[in-house]
Amino acid sequence: MSDNLAVDAEHLGRVYKLRAKKTQAKTLVALEDVNLCVPRGELFGLLGPNGAGKTTLIKILTTLLAPTTGSARVAGFDVTREPHAVRPRINMVSGGEASGYGLLTVRENLWMFAQFYGLGSAEANRRILELLDVVKMRDRLHTKSSQLSTGLRQKMNIVRGFLTDPDVLFLDEPTLGLDVGASRDVRAFVRRWVDEDRSRTVLLTTHYMVEADELCDRVAIINGGKVLACDTPSALKRRLQRQPIFHLETTPLNGQVNVFTAIPGVQKVTHKEADGRSTLELILDQEQVISAVIAEMERRQIGLVTLAKREPTLEDVFVNLVGRSMEEVEHVNAPASQ
Amino acid sequence: MSMPLRVSKDVGWRLFVRTVAARAYPRLVGQQREPAGAFLDVFLPLLGLSAYVFVYRAIDAPEAFVGFVILGGAMTAFWLNVLWSMSNQLFWEKETGNLALYIMAPNSLMAILLGMAIGGLVSTTLRAAAIIGLGTWLFGVRFSVSDPALLFAVFALTLTALYGMGMMFASVFLLLGREAWHVIGLAQEPVYLLSGMYFPIKSLNVWVATGASLIPLTLGLDAIRQIAFASGPATGFISARVECLALAVLSVVFLVLARLMLGYMERLAIAEGKLTESRG
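First to last, the protein sequences are chains A and B.
Residue 135 in this note's numbering sits at position 148 of the first sequence, with consecutive numbering throughout.
Residue 182 in this note's numbering sits at position 134 of the second sequence, with consecutive numbering throughout.
Derived from the structure by calculation, the hints contain no laboratory data.
Even glycine gets a Cβ: it sits at the ideal position worked out from N, Cα and C.
Heads up, some of the hints might be wrong.
Claimed, not checked - Calculated cross-link-like contacts (lysine-lysine; reagent style DSBU-like; alpha-carbon spacing at most 35 Å):
#, chain 1, residue 1, chain 2, residue 2
1, B, K322, A, K131
2, A, K123, B, K57
3, A, K296, A, K259
4, A, K4, B, K250
To be verified - What the simulated footprint calls covered on chain A by chain B, stretch by stretch (three residues with Cβ under 8 Å from a Cβ of chain B suffice, anywhere in the stretch; the number is not a length):
#, segment
5, 211 to 220
6, 227 to 233
What the hints assert, rightly or not - Chain B residues, not near chain A, derived (Cβ > 12 Å throughout):
#, residue
7, T67
8, A69
9, A70
10, F87
11, L95
12, R105
13, N136
14, I151
15, L186
16, P196
17, L198
18, I232
19, L234
20, E237
21, T258
22, R307
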């Protein structure tokens, strides 16, 4: 166990017992054999679809949930055996949370949470003003939190997380509900916060590829409770660079997607229908395979609207690892999680 | 070696006191910011009490019974506060995401509960005082306090034991989901009967009255009636001094049990994954 690690998880697993209607107790494996090492000073991303196990992992690391198997240390302390040593050193912000009290103003809510960490009132009020300036909502200092829009409320939550200057900050989908501009501001602030003091660490979960790609030093791709890959975004994408990726827009396929997967040399196909067109992303073994794809389209009288070769993204890495796009995985998971 | 804390933060008893004050704050300012709610909290119970007053007067019950009703009505405010704003409060805190933040912070959950209790107690005392003041003025209640110091001690110990019981229930409710609402509903009405909210508890069977004495309101109301009304001692269940002593014991028992159960339930909730969402 290195002293330099902010988060160190070994063989972490979590199984939930679900209520069964009659006799048999059902279980749900939310996390399975997760191993993670996050050094201090890193902005680390957990990328995966809804239901992948990201939030379960965060709950364990923030001492809110006991693991069924394995162990984890945060800021040098065991989350199960030494939660009281972990807690002063961490904080967490979740996307879309409704914490605080609607009757209290923004300042009062933030002051209250600062007190729970033992921050003096003067210091808390000073930091509240500083951080509200950063998220551009100082003018809302005396607004009741029940009168804030979803986006402003989330900004208040983000201020709450940074207020106690934690050693390890957990951000669970922090930009959920924020508009494009506000998300960009929050991302820039998170990056700056880590960069200005390299003993600070952020573990961020997201299902936004761009967020993980732009912001994180390293990214772990998680699905079905398992970590499938963990590396820098560029290293993850480099894995696919030998496999050309083509973006195609065609006339409607009318259910003929399988013809592409049947072409030798086509590794993965993702497909969307919108505005009377089909959009395809093809990962190929080699560039020449695109000729066979076009030939097959001609044979089946599928019209080609645009064709472009592009650089791999983290979405492609996910598709390559899981076999489906993140959106497709979420769609498949949705009925089971209700 | 672990990382040192970056910002100076209080620990130990200073953190405990800060947490208590911070969690009491929303309850204290909440009342001021919802004056319409505070008015209804006083006015509506007075309507209910009036019915009992008119019944007692219609049957020519001793005039002291009117005072018993007003006193019972004031103490009802504390019982409702303990049930709805203490016992099942952690369920609502869980639903809004506050509970996870409370647990994850370095404070003690006991300090959070104590803050809730003190905030609720102070704001409810103002409401209860308003009920007694208005009820006394409207119905001409005559108090005759025989021992002010004992009255204060009984009142303080009744509330300590009552809110201690609320804190103990809160820890049990940590594991409950939406069913908490129904359990609270079940607990509300029987206590009106068992605690002798509007009549002397002596009227019940002695064994029922003894069992009901585990509810701090029962002993508290009985003792306050004996001390605050001239005809009170004649209707008393046992001596007010003995009841005061019993309330002191109940206060300690409930607070210790609350502390122990809260620790146990917190560990259980973390193990079962029930701190952050309702399952089922």
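Worksheet item: For B:R307, which was marked as not at the interface, is the minimum beta-carbon distance to chain A over 12 Å?
Response: 16 Å, holds
Worksheet item: Does B:I151 sit more than 12 Å from chain A, CB to CB?
Response: Non-interface label on B:I151 violated, nearest chain A Cβ at 6 Å vs cutoff 12 Å.
Fill in: Check on B:A69 being off the interface with chain A, judged by Cβ distance over 12 Å
Nearest chain A Cβ is 7 Å from B:A69, so the label is violated.
Discussion item. With the threshold set at 35 Å, check whether the alpha-carbon distance from A:K4 to B:K250 stays at or below it.
Written reply: This hinted pair is violated, its Cα atoms lying about 49 Å apart.
Item to complete: Classify the label on B:F87 as holds or violated, using whether its beta-carbon is more than 12 Å from each beta-carbon of chain A.
Response: 16 Å, holds
Practice prompt. Examine the segment 227 to 233 of chain A for residues whose CB is less than 8 Å from any CB of chain B, and state whether their number is three or more.
Written response: violated (count 0)
Discussion item. Minimum C-beta separation from B:L186 to chain A exceeding 12 Å: can you confirm that?
Written reply: 31 Å, holds
Worksheet item: Has the given pair, A:K123 with B:K57, been kept, meaning a C-alpha gap of at most 35 Å?
Response: It holds: about 26 Å lies between the C-alpha atoms, which stays within 35 Å.
Worksheet item: Are at least 3 residues of the segment 211 to 220 of chain A within less than 8 Å of chain B when you compare beta carbons?
Response: violated (count 0)
Fill in: Distance rule for B:L198, whose beta carbon must clear each one in chain A by more than 12 Å
Holds, because the least Cβ-Cβ distance between B:L198 and chain A comes to about 37 Å, which exceeds 12 Å.
Worksheet item: Does the claim that B:N136 lies outside the interface with chain A hold up, using a Cβ gap greater than 12 Å?
Response: 16 Å, holds
Practice prompt. Take a quick look at B:T258 and tell me if its Cβ sits farther than 12 Å from every Cβ on chain A, holds or violated.
Written response: Non-interface label on B:T258 holds, nearest chain A Cβ at 40 Å vs cutoff 12 Å.
In this structure, the hints that do not hold are numbers 4, 5, 6, 7, 8, 9, 14, in rising order.
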